[in-house]
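Peer 1: Residue numbers (the working numbering), protein chains in the order written: chain E, 1 to 296; chain G, 1 to 292.
Calculated from the structure, these hints are not laboratory results. All the given hints hold, so there is nothing to weed out.
Computed beta-carbon distance windows for the label pairs:
hint	chain 1	residue 1	chain 2	residue 2	range
1	E	Ile89	G	Phe118	37 to 45 Å
2	E	Ile81	G	Phe118	26 to 34 Å
3	G	Pro269	E	Phe30	34 to 42 Å
4	G	Pro269	E	Glu259	33 to 41 Å
5	G	Leu83	E	Gly47	30 to 38 Å
Straight-line C-alpha distance at most 16 Å; calculated EDC-like pairs for lysine to aspartate or glutamate:
hint	chain 1	residue 1	chain 2	residue 2
6	G	Lys104	E	Asp6
7	E	Lys200	E	Glu189
8	E	Lys66	E	Asp246
9	E	Lys103	G	Asp12
10	G	Lys101	G	Glu172
11	G	Lys104	G	Glu172
12	G	Lys63	G	Asp255
13	G	Lys101	E	Asp6
14	G	Lys221	G	Asp140
15	G	Lys63	G	Asp40
16	G	Lys101	G	Glu171
17	E	Lys200	E	Glu96
18	E	Lys5	G	Asp177
19	G	Lys7	E	Glu96
Glycine is no exception: its CB is placed at the ideal position from the N, C-alpha and C atoms.
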Amino acid sequence: MRNKKDQAAFHFMMLPGMIFLIIFSFIPMFGIVMAFQNYIPAKGISGSSWVGLDNFKFMLQIPDSKQIFANTIIIAVWKIIVGTLVSIIFALLLNEIRVRFAKRFMQTVVYLPNFLSWAILATVVMNIFSYEGPINAFLGWFGIDPILFMASNDWFRPMLVLTDVWKGFGYGSIIYLASLTSIDPGQYEAASIDGANRFKQLWYITLPGLMPTIILVTTLNLPNVLNAGFDQIFNLYNPLVYQSADIIDTYVYRVGLVERQYSLGTAVGLLRSVVGIILILSANKLAQKFTDYRIF
Amino acid sequence: MTAQTIKSRIADVIIWILVLAFTLSCLVPLLNLVAISFSDNAAASANLVSIFPVNFTFSSYEKLLSDSQFWRSFMISVERVALGLLVNMTLMILTAYPLSKSSKQFRGQKVYMNLVIFAMLFSGGLIPTFMVVKQLHLLDSIWSLILPGAVPIGNVILLMNAFRGVPKSLEEAATIDGASQWTILGRIYLPVVLPTLATVMLFTIVGHWNDYFGALVYINKASNYPLQTYIQQLSVEVQNVTDPEKLMELAKISDRTLNAAKIVVSTLPLLLIYPFMQKYFVSGIVVGSVKE
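Chain E on its own, in the form it takes in the complex (with noise of 0.2 Å):
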């Protein structure tokens, strides 16, 4: 009696998040039929004639698309190696301060970027480094001419990778931060009688207890190798920089939904979640394997 009454309870309380997710994920996931159609909106899914693989036959054809997935991985792949060793450099040098105050107060400003949109953001990256910006202004001090970071195909990248750095380190670095403090503080005693210095201490003690910590944030960013960031380009970018950072993401919007190509930009989309969930599949896997994390 008790217990069908408590069945009974969970269903219902199942109802309506089930109800938003079939409505709002489960249909759309048929909506891929789409990137086997010639999709004309006009005559809908079941109007629409098949063309089987055409759409992701002309996706390889087009010589952008090569372009696109060489940029995803590229531009991705420089976040995740240069943002998890700043992050790990200023929780160490940040572990280093010993004045409460000032460490609090610096913790607060490095976390803060993380949470303002690149809406915003794009704004003041585009203020320091436009063409007559502080930044050029500085370089003009040491006889170099300007730099049109924004809008040059060798520097764009560089900048992406640079403020997306910029915005996260803080953030990211909060992670590491805690799994410092769990450190044990016989050790460094210890190692400080032995006559370690402090250097000697990072390398033997310090890096030793942060590596689990940091094999598992490594494994977890791995799905985000499709991830270059949407947000983020697309509010810096500009015609003249597509070549260097238009990725998967930017490409699917702009062709799929504003050029209305809807069954190429389907098709696109359709590729990047396929590839997307081998990788969670396998990030969840390793974690499991190495450190008994599982994401789910």
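Once you have looked at the hints, place chain G on chain E.
Peer 2: Showing chain G alone in chain E's frame:
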């Protein structure tokens, strides 16, 4: 002083300089924006403003007061956060609670769990989702910004793990007293997971406040844009110009101080809740990621 301590002192100085450099890199650009918003337009477009206003003036804020579109967008954002918070929190709690039960206690838990994970892993993508929203005639309505993301699965899983951490004995005691699952959820589980609840609540607020993309896709009338989309559009005309010279010209004549004021005002609500947030999101991240 021994050589060792001198070396250590030098290391300290270097560490302080580096940490300060990192910190200033985050602080200075934002202060610069505030300074621009309080400077006069001539000084701002000549790039004379650093972190202190030049020719201090409220004029851009006065101009902002009369910009009705800005305030309309501001109110749409406020409405969106309020509605979004209500919908997201309700669905998150109701979905996470049964999922946190063992499959022994809730037959069917496994089935639901698999569905939720599948929805997290695989999606139809941008375009099919757009089609569904369009077919439901939600385009141009504020609900198009809320309903498609009504169940934030990442947060559901975070909350589910928090529910799992609640001691079973509390529930058993309540069951003996004849409490229903609804009472147990409301009276026992929710109060215990309050910190996690606060964390996901803050993430939800920030998420809704910061999102500009939803409106770009689902809202056709620019007058119905929420704040961040409105701000994002400010830079669009500059973005679509490909000629570098024209780009510079455009940047020069654009009203930089007014734009800066708009950005400052649209960031203000976030800055106001930020101090309260920090306590929660730090512990939220740590609980969610480091498992000792």
